[in-house]
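**Student:** Which chain is which? The protein sequence lines are A and B, in order.
Take the first sequence: its position 135, counted from the start at 1, is 135 in full-length UniProt numbering, and no numbers get skipped.
Take the second sequence: its position 29, counted from the start at 1, is 29 in full-length UniProt numbering, and no numbers get skipped.
Hints in this document: simulated from the structure, not taken from any laboratory.
Among these hints, one or two may not hold up.
Just some of the chain A residues that point at chain B, by a computed CB distance under 7 Å [what the hints assert, rightly or not]:
# : residue
1 : Pro21
2 : Thr45
3 : Thr51
4 : Ser58
5 : Ser133
6 : Gly134
The C-beta atom is built at its ideal place from N, Cα and C for all residues, glycine as well.
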Amino acid sequence: MAKTHITMKVNGAEVEGLVEPRTLLVHFIRENLGMTGTHIGCETTHCGACTVDIDGMSVKSCTMFAVQAQGSDIITVEGMANADGTLSALQEGFRMMHGLQCGFCTPGMIMRAHRLLKENASPSEQEIRMGISGNICRCTGYQNIVKAIQYASAKINGVEFREAAE
Amino acid sequence: MIPGSFSYHRPASVADAVKLLSDLGEEARPLAGGHSLVPMMKLRLATPAHLIDLHGIPALKGISRSGNNLVIGAMTTQHDLLASEDVAKSMPILHEAALLIADPQVRYRGTIGGNVANGDPGNDMPALMMTLGASYRLEGTGGARDVAAADFYQGAYFTALEPGEILTSVSIPVPAAGHGYAYEKLKRKVGDYATAAAAVVLTMAGGKVATCAIGLTNVHETPLLAADAAAAVIGTSLDAATLKTAAAAAAAIMAPAADARGPVEYRKHVGGIMVTRALQRAAANAK
Numbered sequence: 001m002a003k004t005h006i007t008m009k010v011n012g013a014e015v016e017g018l019v020e021p022r023t024l025l026v027h028f029i030r031e032n033l034g035m036t037g038t039h040i041g042c043e044t045t046h047c048g049a050c051t052v053d054i055d056g057m058s059v060k061s062c063t064m065f066a067v068q069a070q071g072s073d074i075i076t077v078e079g080m081a082n083a084d085g086t087l088s089a090l091q092e093g094f095r096m097m098h099g100l101q102c103g104f105c106t107p108g109m110i111m112r113a114h115r116l117l118k119e120n121a122s123p124s125e126q127e128i129r130m131g132i133s134g135n136i137c138r139c140t141g142y143q144n145i146v147k148a149i150q151y152a153s154a155k156i157n158g159v160e161f162r163e164a165a166e
Numbered sequence: 001m002i003p004g005s006f007s008y009h010r011p012a013s014v015a016d017a018v019k020l021l022s023d024l025g026e027e028a029r030p031l032a033g034g035h036s037l038v039p040m041m042k043l044r045l046a047t048p049a050h051l052i053d054l055h056g057i058p059a060l061k062g063i064s065r066s067g068n069n070l071v072i073g074a075m076t077t078q079h080d081l082l083a084s085e086d087v088a089k090s091m092p093i094l095h096e097a098a099l100l101i102a103d104p105q106v107r108y109r110g111t112i113g114g115n116v117a118n119g120d121p122g123n124d125m126p127a128l129m130m131t132l133g134a135s136y137r138l139e140g141t142g143g144a145r146d147v148a149a150a151d152f153y154q155g156a157y158f159t160a161l162e163p164g165e166i167l168t169s170v171s172i173p174v175p176a177a178g179h180g181y182a183y184e185k186l187k188r189k190v191g192d193y194a195t196a197a198a199a200v201v202l203t204m205a206g207g208k209v210a211t212c213a214i215g216l217t218n219v220h221e222t223p224l225l226a227a228d229a230a231a232a233v234i235g236t237s238l239d240a241a242t243l244k245t246a247a248a249a250a251a252a253i254m255a256p257a258a259d260a261r262g263p264v265e266y267r268k269h270v271g272g273i274m275v276t277r278a279l280q281r282a283a284a285n286a287k
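Please construct the entire structure, taking both the sequences and the accompanying hints into account.
**Tutor:** Next up, the structure:
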């Protein structure tokens, strides 16, 4: 099958590549671009580990072809740190609140939470839980992931984060 | 899991898309949000030789008014529906049902056209479209035609779409002001298809049901309109005996498959409960 030349912006940098139409976006990101922060979990659109941000939308990159991302603006977990290399509010939240155990789901969780907080900087606990309902974690029971996102929300809004009483 | 090889086409107009579909024949499939088709391709249960991606056609996206109808372009996503104030105000059941489809990531990509055209009995929008009296615009190289949602579904994955046709928009009459509504969906977890679901749109007058339509999801190889159940509640105040009669009338037309969501009797039983709950909630929020 003939390959197609594609170009897109990933974490602010113009990238290009030659792909077969059947190449999934997640494979292009991991194998062609060598950016392995985006994980492949279930490969069946359920787990959300492969979530990236495309043109302001959270997308499961295992369920989109790379050719469909032609001309788009993509952010992956590699693009999440602040410009000076320090951790972003979300990354800091996951660290401070211990929002991960094995860490496999974390890139997808952070990318989904990134868009969630862009759309609603002060989500309720229920809105956070519904907002990350397309991301599966098999370790944490989600409690600390929710706290991590609440931490980031507080930091973005410039207020002190207080954990709710257990 | 990597799909089989295919050629990728990205037409810029509906005319180009239907011409491609017609020229390439049975080996070609239109691609909308892709959240049903791409997983099937990865499992090699679908192996189209050509994919015709509809994302390059701006005319297929958007929500507009035409008389008393809301006209929704086929490539309008569930996320777009949820963001629409017009939908939330004039057709809140559509907002409610869209929020019960899959998960946030899928709703950014999943489209109303793909949801209704695929013919998957597990999809939520088809029964809702039947309940609301919607019609679908189908376009082919020979022109366009409108088919009522109630006449569109022929079997699991079999619809009134002819080879070479694309569903381009959905037209939904706006329900009467003050109508009551509810979409009750029983599912095992967020993102799952319904074990059983019921859509109700009704109007009340003097404490009694004046008009009522009931749709059923995933309890038959096609979505269903529960006409007998709806007729049974007209003129009543939805007392316990009436609710029981309506649930039984709805269950009588259900023929669900036994699967991981439960055996046949269970799914019919909870289907009746979804009808009861939807009727009660719709009556309560009617004005």
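**Student:** Decide, hint by hint, whether the structure agrees.
**Tutor:** Status of each hint after checking the structure:
{"no.": "1", "hint": "Pro21", "in the structure": "holds, 4 Å"}
{"no.": "2", "hint": "Thr45", "in the structure": "holds, 5 Å"}
{"no.": "3", "hint": "Thr51", "in the structure": "holds, 6 Å"}
{"no.": "4", "hint": "Ser58", "in the structure": "holds, 5 Å"}
{"no.": "5", "hint": "Ser133", "in the structure": "holds, 4 Å"}
{"no.": "6", "hint": "Gly134", "in the structure": "holds, 3 Å"}
Hint violations for this structure: none, all hints satisfied.
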